[in-house]
Structure formats: structure tokens, C-alpha cells
Amino acid sequence: MKVILRQPRREVEVEGVTKVADLLKKLDVVAESVLVIRGDELLTPDLPLDPDDVVELRPVISGG
Amino acid sequence: MKCRVCRDRAVIQVRRHNANFCKPHFVSHVHRQVERAIHDYDMFKGSETMMIGVSGGKDSLALWDVLTTLGYRVDGVYLHLGIGDYSSDSLVFSQRFADERDLDLRVVDLPSEYGFSVPEAAAAGSRVPCSACGLSKRYILNKVADDGEYDVLVMGHNLDDEAATLFGNVTRWDLEYLGRQAPVLPANADGLARKVKPLIRLAERETAAYCIVQGIDYEVEECPMAAGNTVNRYKEWLNRLEEEAPGTKANFLFGFLERAAPVFGAAEPPELVTCQQCGQVTTGEVCAFCRLRNQTLVHIGTKEQHV
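Going line by line, the protein sequences match chains A and B. Under numbering that gives the first Met the number 0, the letters of the first sequence match residues 0 to 63, in that order. Under numbering that gives the first Met the number 0, the letters of the second sequence match residues 0 to 306, in that order.
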């Protein structure tokens, strides 16, 4: 599936994950530091993912 | 996952509350946490005049939305810091938000009104960019609140901001800063408005989620000058602890505020005088902002060095 990363914006292909929690684990991302978004929908860690999905991992940490 | 309230599909898990929420009940949760902070710390009354510092980011826009929804009238101030496209884009998000809700947004342009930008200030002196930026923001927000005779200056600091600041202050045992850290900073008779932090009970993951759920467009990209800054590193570390033990950040911060802050707060506040250059209150003859500005204007060649 296509995963959009931010700061700066870029895209990576990730294979072999079937749910949101697995995606975070595979990318070694702390759940407290991001939101997972598909379209305009927030995804909880238990939700399944499809190989055709496009999901955004949006960091929530900001300075200032 | 099911919403704790209605059992509908949850859109967010808030582990420190051991709760999941659907969209409407997450919005209610955010409003409730802000109302509780306002009430618990006696932040302000509806009759007071209020101004919010708006950056175009998730925290200030979420907070402006919450306060407006709760019935408070709050004017906004955006500070254009001259950080290239980042500042211009952030202004677009802020202005669009204000226009769509018929809210007042005042724009203060640091380069045109004070003669320098944050990148120039950082290049000119010993301060790192975030320090020069923070100093400029504090100075201008205080000044605008004073000029506009606002009773209250509303800040978008959230639970993560405050926990990371506390972490930094503890690692240095900075007693002066520990004594000053609070959800409400009282007004000063010489012109500083009361500062309040109504987002203190919400993690920044919740303010970002609130924006997405409410359809609020905000600046997602981080300031290009903040890359690798210390506070953001502290936040990452605290989030790793939070992942292992939900509630760690809240326990750290609210334990401090309830049990330790009174000890540190007993220190005498510094005596304030008037800056000889700009007239704002300060602790020395010339305030830190004027010193930064003088140094920067000399560096970029728009002011002669006084010997």
C-alpha cells in the first residue's frame, strides 16, 4: 500500500501489513506521535488495511 | 473499537483515559477537557476581553474553534515571522479560518514592522532559531494585548508542550522556570495581560485529531527552522514512555502542578522595570527583544553599531 509521510511530505510503498497497528510497528512509529488517516477518516489501530489503500501517517508533534 | 459512550465505531483511542470515542463524542471530550481546564484553574470569565495567539497550526486553530463554539468571543493575532513559505502558508490557514467564522484576526509582520525576520535574528546572534522566535512571539503578543487592552492572552500550549517544558526544566533543575510554569500566569500591574493555557488537559494528538474531525485545515509541515529542536526531542521521548505506560505525561505534569509547583513558586518574582528603548516591562534596562533587534539590525546592516 502507499503510505504518505510528512515533514517533509513523501510517499513510500509498504507491503505485508494487514492492519493499522502492524503498519505502525513495521515503520517503528510510536502511536502517540501520529494519526493514521485514510481519505478524511481517522483509523484506530485495530482496523484492517487493504493493499490498495492510501494512508497518511501524520505526525502530531510540533514545536513553538 | 467502539465508542465508550455510544458503542458506535470509534475514530480515536485515548489510552490515558482508557477510552475510545466516535466523532461526536470525541468532540464532546475535547470541549469538556477545555471547559474543565478553564474552570479548575479559574482562567477567565466570559465578560473579559480575550486575544489568542494564532500560528496556523493545529493547537491554536483547534483552541480558537473550541472557545468560539463554547460561546467566548476571542480575537486572533497572527505573527508573520518572515520564515519564507512556511510563514506565508501559515498565514493563509489562519486567515481562512478567521474569514470562514467571521472572526477578527490581526496580522503583525515582524520584517515590515520591526525590520528583521526570525532567520535573520538567528543568524545574527547567539540564540538558536526557536529561542529568537519564542522571544519575538512573547514580546509582540504581550505588546498587542497591552495596546488592545485585552484582559486575557490565550495560548495554545497543550499537555505535550507543558510536559516537555517541565522535563527540560527538571533536567536542568532550573528553579526560576520551574517556579513560573503554570496553567495561568497572572496579569502584571505594569501591563502584562494574564496568560492562560486552556489546552493543558489535551495531548497534541487530540488537538490534531480534533482539527481533522472538525474539518479544520492547518499547517501540517513543521517549521523548517525547528528541525531537531530540543523540545521536540523531549516530546518523542515522553511519547515512548506514554506508549509503555499510558498516563505518564499527565501524571508527570499534573503531579508537578498539584504537589511540587507550590514549592518552587515560593521564590520571589523578579522586579519589573520599563525598557528604556521600547517602554515594555522587563527585568533589565533594555529588554531582551530590543537587544535581539539591535543586534540583528546591526548584523543585516540597517543600523549602525553604537560604541
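Calculated directly from the structure, the hints in this document are not laboratory data. Among these hints, one or two may not hold up.
Below, simulated BS3-like cross-link-like pairs (lysine-lysine); rule was C-alpha separation at most 25 Å, straight line [said to hold, decoys possible]:
no., chain 1, residue 1, chain 2, residue 2
1, B, Lys1, B, Lys142
2, B, Lys22, A, Lys18
3, B, Lys142, A, Lys24
4, B, Lys44, A, Lys18
Pair ranges (Cβ atoms, derived) [claimed, not checked]:
no., chain 1, residue 1, chain 2, residue 2, range
5, B, Glu175, A, Glu10, 39 to 49 Å
6, A, Glu10, B, Arg232, 21 to 31 Å
7, A, Val53, B, Gly214, 36 to 46 Å
8, A, Pro50, B, Thr68, 32 to 42 Å
9, A, Arg5, B, Gly70, 30 to 40 Å
One-sided excerpt, in silico: chain B residues whose CB lies under 7 Å from chain A [to be verified]:
no., residue
10, Glu243
11, Gly278
12, Lys302
Model, not experiment: these values are computed from the prediction. Backbone N, C-alpha and C fix where the C-beta goes; we use that ideal spot for every residue, glycine too.
Do the hints match the structure? See the list:
no. : hint                           : result
1   : Lys1/B / Lys142/B              : 47 Å, violated
2   : Lys22/B / Lys18/A              : 21 Å, holds
3   : Lys142/B / Lys24/A             : 47 Å, violated
4   : Lys44/B / Lys18/A              : 46 Å, violated
5   : Glu175/B / Glu10/A: 39 to 49 Å : 46 Å, holds
6   : Glu10/A / Arg232/B: 21 to 31 Å : 26 Å, holds
7   : Val53/A / Gly214/B: 36 to 46 Å : 19 Å, violated
8   : Pro50/A / Thr68/B: 32 to 42 Å  : 40 Å, holds
9   : Arg5/A / Gly70/B: 30 to 40 Å   : 34 Å, holds
10  : Glu243                         : 10 Å, violated
11  : Gly278                         : 27 Å, violated
12  : Lys302                         : 27 Å, violated
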